[in-house]
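Undergrad: The listed protein sequences derive, respectively, from chains A and B. Residues in the first sequence are numbered consecutively from 1, following this note's numbering. Residues in the second sequence are numbered consecutively from 1001, following this note's numbering.
Hints in this document: simulated from the structure, not taken from any laboratory. Note that beta-carbon positions come from the ideal geometry of N, C-alpha and C, so glycine has one too. One or more of the hints may lead you astray.
Said to hold, decoys possible - Per the computed footprint, the stretches of chain A lying under chain B, defined by three or more beta-carbons under 8 Å from a beta-carbon of chain B, are:
hint	segment
1	71–84
2	108–122
3	138–146
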Amino acid sequence: LRRGTMFFARVLRCAGGKSRGPRAPSWVSSSGSRFPPPVGLLPDENARDTLMGLYRAIFVALEEVPAEAKYRVNVEKTISHRMRLVEATEDLLELEEKLGLGKLEEVIEQAKDELQLVPFMTEHQPWKMQDGSVATKTQLKIELID
Amino acid sequence: HEQPKATEGESKLRRKLCAVVGVRRRMIMRTARGVVARGAQLWRRYASGAAGGAIKAAEARTPATAHGLKRAGSPTTCSTMPLLEQQTKFMSSVLEMIPAWITRAQIQKAHDITHNGGEMVLEVPTEVTAKVLRFLQMHTNAQFKCFIDCTAVDYPSQAKRFKVVYFLLSVKYNARIRVQTYVDEITPLESATRWYPGADWFEREVWDMYGVYFYNHPDLRRILTDYGFEGHPQRKDFPLSGFVESRYDDATKRVVNEPIEIAQEYRSFDYTSPWEVFPEGGRARDFLPGTSSSPSSSEESGDKPDANEAK
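The shape of chain B in the complex, shown without the other chains (with noise of 0.2 Å):
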């Protein structure tokens, strides 16, 4: 602390209180200093008034917020910039501070009337995407303290067929950002649990469910699946119903997992008539073009039922 320079009123407050009491010159000087300097302060913000503070501060403002998200909901920082336009500001911010780590910058339904602005997405290539989202948490104009989510995405006609996708909000500048990279099944990435502990439970997901291995990760394992289930059930490739299938088996008195027997037919939904087109059935082949006429076996429909009990 500077202490300012005793002023003349000081002083002078310092001899009356001298005369007064009749204490120690130094402990008045200490409490009279701080007493008027304090008095001072208090007539300078009077003086000032409300109107010259605030055109101040306005002046004061505009430079630093230029390039980014702004302060919703306070008064006096409510910005006049659009969304989509602090949307747009922020992340060419971004890629020109970490070019390097950004493949792609989107801002998906940007023009969407309904909403203010768009959702900013970054692609970020797979060794980096723990750093970005470190840069994003950390950075004075980012501030995406909050993790919301981590999925993925099978694309299996790609070769890099996953998308890992990171969801991210800004609390203090009430924005949300996604972050997202395209890998393959063997390629691990970086665990986001280093920065936030809270992508824990979501990277498990994603490894139990499309087989996405994450390093460094506390303790990776699966999460939805059966204990000594195989396979990764969201990918495209795996079907519906699975591989195995599991009943009680009263010979050795548990449940056993055997291979799956489907006894109902795979039905084929080809859209042209609404109605469920059956080939081998009655009476929809007589109506509709293109189905064969082959003779209806008995077994068959009458399996049909029992089938659609089962399930």
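Pulled out of the complex, with its shape left as it was, chain A reads as follows (with noise of 0.2 Å):
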């Protein structure tokens, strides 16, 4: 059994290509160079699941706000972007480059605000204009100034 095993982390280290140690984390780079993310953040490994989770949560959680209310709108049309994204690249280092937006567990990590974010607007809900309709017309205009 022990030879079945040494024979099998052979093939493994071969297929992987560059070898890593026998107690390297598994985020370390033997495939292709995807680093560790800044300091404070955890890498993890399942970072498309993570991030396909936390979208369809702020999915649901949107539900609460009118579907005419413009941050509802805009911020489906960026979740799914990302959604699509992620669902079709299965490389991590080629969905992060795909994404342009830092490591994949900043990505998470900005998945999370806007996760806490949306009960927060939910609470307070700015697109309410004064008679209780949800505004659709924006009457202010930005005064460019010298």
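Got two chains here, each in a separate frame; can you build the complex from them with the hints?
TA: Okay, structure coming up:
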């Protein structure tokens, strides 16, 4: 049995490309060069699954927001675009490059923040105008001052 | 994890490994599948090629970043949109998302040719300052997670005389934004420390210097003025030299605060001449129009050098 496992370990190592040490964590770049995230964020092997879960949760949370509110429309646009990319790409490094938003762990942080923001917005409802209706057009113009 | 169904290549490899090693089949299946799957992945990436990947990435990228700030600095996401346009797009998206929370939106110094864009400024009602800050902090297209400064300005001619300004920075998008409110002496503002702990001392300074109260602040007390100091020094109606002066009193052997005595007369500059005009003084009145020719008192002119020395 032991002879068998040693053989498999060797097979895996050959298939993986560069060999990791026996105790090196899995995210140390052995295939491709996906380097760990900045200090403070834990590296996530299953970043895609985490992201998809968070994005689905954001969609669920957004159901509290009225459908015509621009906040919901914009967030859905952004999140669905990211979801499409995450679903389409399997390789994590490629996904990072496609998203162009930094490390995947940072993207996870952004999703968590948006997920925290949605109930905050639902509570305070800034899209509601004076008469209680949902604002569809902004009356304000952006002043460009010199 | 959904494992892909075993392909023919996989079963072939599995059988081969079984034949060589003779270990239990289940174990081989798990590892062999992983090996073959990884190989297939690598092959796919190699086969699709760098060019194809980049084009797909570019196509995928355009819809999302249409409403807002782009990540600067990264070569793959370097935007071709000028900064002013980015800022305008971002401001309009913020305006349409939180219309009830904004009274005015500006981009100042918009057409300054030295810089690529202007300075984004949002004016908000007094009740929602902290909420707007939270939104800007947390929203994906904003992410102004860095608190830079909180200050105030006094416009005594207005009823709401104090303009309280918050400065934020987004490191991810390399963008800055100002959030400002107009508030009078008695209206309290919600403290930003709930979302930005770094706002602590800045709000203390605004309280100390202007008298703007922040509720829900963990520790709102004076920060720059002396203990027991009365007044808010940066208000425009607070004189430059203040109301009290300190001196060491030998009788009581301690420092005492007494009402200020300014021995020097108030110096007024009307800028009609480059030199300071002393109405009671000597020859300037002979040459300058409008100066009164009252008799000069030697006492007053004598006092002036002393006062200057003391100052």
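Undergrad: Each hint needs a verdict: does it hold in this structure or not?
TA: We went through each hint and held it up to the structure:
no. : hint    : result
1   : 71–84   : holds (count 9)
2   : 108–122 : holds (count 8)
3   : 138–146 : holds (count 9)
Violated hints for the displayed structure: none, as all numbered hints are satisfied.
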